[in-house]
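These protein sequences, in sequence, are chains A and B. Going letter by letter, the first sequence gives residues 851 to 963 in my numbering. Going letter by letter, the second sequence gives residues -4 to 114 in my numbering.
FYI, nobody ran anything at the bench for these hints, they're computed from the structure. Please read all numbers here as calculations on a predicted model, not as lab measurements. Incorrect hints may have been included.
[Said to hold, decoys possible] Across the chosen pairs, the derived CB separations fall in these ranges:
| hint | chain 1 | residue 1 | chain 2 | residue 2 | range |
| --- | --- | --- | --- | --- | --- |
| 1 | A | Phe896 | B | Arg110 | 20 to 26 Å |
| 2 | A | Pro868 | B | Asn65 | 45 to 51 Å |
| 3 | B | Thr112 | A | Ser930 | 28 to 34 Å |
[As the list claims (entries may be wrong)] Below, simulated BS3-like cross-link-like pairs (lysine-lysine); rule was C-alpha separation at most 27 Å, straight line:
| hint | chain 1 | residue 1 | chain 2 | residue 2 |
| --- | --- | --- | --- | --- |
| 4 | A | Lys955 | B | Lys59 |
| 5 | B | Lys50 | B | Lys61 |
| 6 | B | Lys59 | A | Lys950 |
| 7 | A | Lys955 | B | Lys36 |
| 8 | B | Lys9 | A | Lys950 |
| 9 | A | Lys950 | B | Lys50 |
Ideal placement from N, C-alpha and C gives every residue a C-beta, glycine not left out.
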Amino acid sequence: AQSVAQPEDQVNVAEGNPLTVKCTYSVSGNPYLFWYVQYPNRGLQFLLKYITGDNLVKGSYGFEAEFNKSQTSFHLKKPSALVSDSALYFCAVGQRGDDKIIFGKGTRLHILP
Amino acid sequence: GAVVSQHPSWVICKSGTSVKIECRSLDFQATTMFWYRQFPKQSLMLMATSNEGSKATYEQGVEKDKFLINHASLTLSTLTVTSAHPEDSSFYICSARNPFSGIAYNEQFFGPGTRLTVL
């Protein structure tokens, strides 16, 4: 069975500093990995995905994530945080041949001015 | 492209009434749609997978008679919360998958969500 772990409920970062939001996963085969962001009372916005190919994936709004197969991780990163990045971030995992994707519990990111 | 809408965006109803939420794929045909429920400050919980023209597949613990799902066309799925009670109050989000995108992975496109409050 697939599972996703986001070990941090909340991450606080000063504006302008680099940020990392952690995600680890468990699947039986090759994973499809996603990051989504959610603003209050809104649906999910897609940030980036890893399907195959380069381990470093670049996405929207300057975010990127690195797929690490040996550590089964897919951490979200940004070199310089903005206050507007404050939101709830979800990591998700899927598998080829399975329609479902499984979400982590989410990490609330606070960027301090 | 790949826009998913939901209607209504919010609804308040009395206990015991039924509420219907619509999920539409606006610019693509979605043979598969998903319904999620999100409690405050929590993750998305998959409720059911809806396939056009067939019965929905419900996740364990989700009452199929309580949450009726219909996917009658390639662009519309509906979730009806029957005899709603205050504990059904939640944020309901749908997503749609475009299997004809030519991409062999299961990316989902999400609607903006519907806030249901049952008094």
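Evaluation of the provided hints:
1. Phe896/A x Arg110/B: 20 to 26 Å: 21 Å, holds
2. Pro868/A x Asn65/B: 45 to 51 Å: 47 Å, holds
3. Thr112/B x Ser930/A: 28 to 34 Å: 39 Å, violated
4. Lys955/A x Lys59/B: 24 Å, holds
5. Lys50/B x Lys61/B: Holds. Lys50/B to Lys61/B sits at ~15 Å (cutoff 27 Å).
6. Lys59/B x Lys950/A: Status holds; Cα separation ~18 Å.
7. Lys955/A x Lys36/B: 9 Å, holds
8. Lys9/B x Lys950/A: Cα-Cα ~33 Å, so violated.
9. Lys950/A x Lys50/B: Holds. Lys950/A to Lys50/B sits at ~16 Å (cutoff 27 Å).
Going through the hint list in order, the structure does not satisfy hints 3 and 8.
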